[in-house]
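Participant: Chain X is already provided as a structure; the job is to place chain F with the ligand on it using the hints.
Protein sequence lines correspond, in order, to chains X and F.
Quick note on numbering: the working numbering labels position 171 of the first sequence as 171, and the sequence is numbered without any gaps.
Residues are numbered in the working numbering as their position in the second sequence, beginning at 1, plus a constant of 303.
Certain hints may be false.
[Said to hold, decoys possible] Straight-line distance between alpha carbons at most 20 Å, and here's what the computed SDA-like set of lysine to any residue pairs gives:
| no. | chain 1 | residue 1 | chain 2 | residue 2 |
| --- | --- | --- | --- | --- |
| 1 | F | LYS426 | X | LEU197 |
| 2 | F | LYS439 | X | LEU300 |
| 3 | X | LYS199 | F | LYS426 |
| 4 | F | LYS426 | X | GLU195 |
| 5 | X | LYS21 | X | GLU195 |
| 6 | X | LYS199 | X | THR12 |
[Claimed, not checked] Not the full set, but computed from the structure, chain X residues with beta-carbon under 7 Å of chain F:
| no. | residue |
| --- | --- |
| 7 | ILE26 |
| 8 | ALA30 |
| 9 | LYS104 |
| 10 | GLU105 |
| 11 | ALA107 |
| 12 | MET113 |
[What the hints assert, rightly or not] Label-pair distances were calculated between CB atoms; the ranges are:
| no. | chain 1 | residue 1 | chain 2 | residue 2 | range |
| --- | --- | --- | --- | --- | --- |
| 13 | X | GLU14 | F | LYS428 | 21 to 31 Å |
| 14 | F | THR343 | X | ASN232 | 48 to 58 Å |
| 15 | X | VAL266 | F | ASN328 | 28 to 38 Å |
The set of hints was computed from the structure by calculation and includes no laboratory data.
Yeah, the Cβ is synthetic: ideal placement off N, Cα and C, and Gly gets one too.
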Amino acid sequence: MRSLIDILDLNTDEISQLIDKANDIIANPAKYSEKCRGKKLATLFFEPSTRTRLSFEAAMYELGGNVLGFSAAQNSSAAKGESVADTAKTTSCYADIIAMRHPKEGAPLVAAMNATVPVINAGDGGHNHPTQTLTDLLTIYREKGRLDNLTVGFCGDLKFGRTVHSLISALSRYENIKFVLISPEELKLPSYVKEVLKKNNLEYVQTTDLDSVMPELDILYMTRVQRERFFNEEDYLRLKDSYILYPERLVNAKADISILHPLPRVNEISVAIDDDPRACYFKQVLNGKFIRMALILKLLEVE
Amino acid sequence: MKIDSIKNGFVIDHITAGNAMKIYNLLGLGNLDCRVALITNVPSNKMGKKDIIKIDDDIVIDTDILGFVDPNATVNIIKDEVIVDKKKLELPEKLTNVIKCKNPRCITSVEQELPQIFNLTDKEKQVYRCLYCETKANNA
Ligand SMILES: [Zn+2]
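Pulled out of the complex, with its shape left as it was, chain X reads as follows (with noise of 0.2 Å):
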């Protein structure tokens, strides 16, 4: 019995293995119907997510099985005070497999430790969400037919975005990945991510030019930059255009550059993007939805 808790949890021969099973699963969908039949998947959600909720509870549908769970603390027995262990060891004798997402950083380890069933970690806090960076991944393997020799930009809240550290972690393992840093100089990336990337002598550049590094890249991943981050509104104001993506800043972008976000997105890609074919961030959602059916099938040993 195997749990996701972090993207890390999982190696590189088994990030293709859930890759070409997803793949698989789009093209093939009616395969896929029946093959969860008679199991039930236990959403837990203790803060409101209400995207990441549907993707798995679709998934789990599309595979022929079952749902049941909460979606906000309040209505748990959290409530009531019960720790997270208890919650996975009674969840356990309902369901066959644990999706946890949970404020407090650790706590679907904890399920994870305690439960009977697999658990998979659907976002703790600031910390892990490792479903969001397998969609990721599948969503470069779909639109560039490979994960290595790559150069790919991160745009943005690098300082606290979750979505940007592990999918760095993650793409680290590959051959051949050159990173482009793109953010505000208040929002780097944490010098422990930096880190990592030092560690295995992978190439990165860090610029606050979106403009100067566009024509390189092959994956533009953008992300949301918050007005709370900052310590002032003129800050804010004065640094938020440069991280917007409008039509006009793609026309020195490589003719096939793919533009992923995480979603939810608020201004920093200009709606005018998203009839443009690079725009893959509502491919993403799908995609989203059938890792997951990957991941479900993986961890229940389905075959």
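Facilitator: Okay, now just chain F with the ligand, sitting in the frame of chain X:
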């Protein structure tokens, strides 16, 4: 200053000056019935000043805690007033309930019954990280 020699027990030597009280507390030496001597600021050729703890009983010492607080200390094991063994300490791979995670977003901040577990993630830099949230411990 004279402290009687020990019959059967331990001498924890080469403790970084100032660390003896911390070790005394973390090892729970205050709860022992036997004689315990805590000697601070002893002149040392190697270290300038050092602390020494002598324990006159054959107890079990948690070398993980000791190695974490002061990896340079040495443990002499005394049998019949003779040193029969010297133990070099090492940084433990895992610390259970020795230090607490200070990250307010960590699950251990709201669930106090959880064991506080830290893993050694960088031996060279002596970095310990919380098992749950991976926050670095400030053990310096
Ligand atoms: Zn912690």
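Participant: Hint by hint, note whether the structure agrees.
Facilitator: To see whether the hints hold, each was checked on the structure:
1. LYS426(F) with LEU197(X): holds, 19 Å
2. LYS439(F) with LEU300(X): With Cα atoms ~34 Å apart, LYS439(F) and LEU300(X) exceed 20 Å; violated.
3. LYS199(X) with LYS426(F): Between LYS199(X) and LYS426(F) the Cα gap is close to 14 Å, so the pair holds against 20 Å.
4. LYS426(F) with GLU195(X): Holds - the C-alpha atoms of GLU195(X) and LYS426(F) are around 15 Å apart, at most 20 Å.
5. LYS21(X) with GLU195(X): violated, 33 Å
6. LYS199(X) with THR12(X): Judged against 20 Å, a Cα distance of about 18 Å means the pair holds.
7. ILE26: violated, 34 Å
8. ALA30: The hint is violated - ALA30(X) has no Cβ within 7 Å of chain F, the shortest such distance being about 41 Å.
9. LYS104: holds, 4 Å
10. GLU105: Where the cut-off is 7 Å and the nearest Cβ of chain F is about 4 Å from GLU105(X), the hint holds.
11. ALA107: holds, 4 Å
12. MET113: violated, 9 Å
13. GLU14(X) with LYS428(F): 21 to 31 Å: holds, 30 Å
14. THR343(F) with ASN232(X): 48 to 58 Å: About 50 Å separates the Cβ atoms of THR343(F) and ASN232(X), which means 48 to 58 Å holds.
15. VAL266(X) with ASN328(F): 28 to 38 Å: violated, 51 Å
When held up to the earlier numbered hints, the structure conflicts with 2, 5, 7, 8, 12, 15 and fits the remainder.
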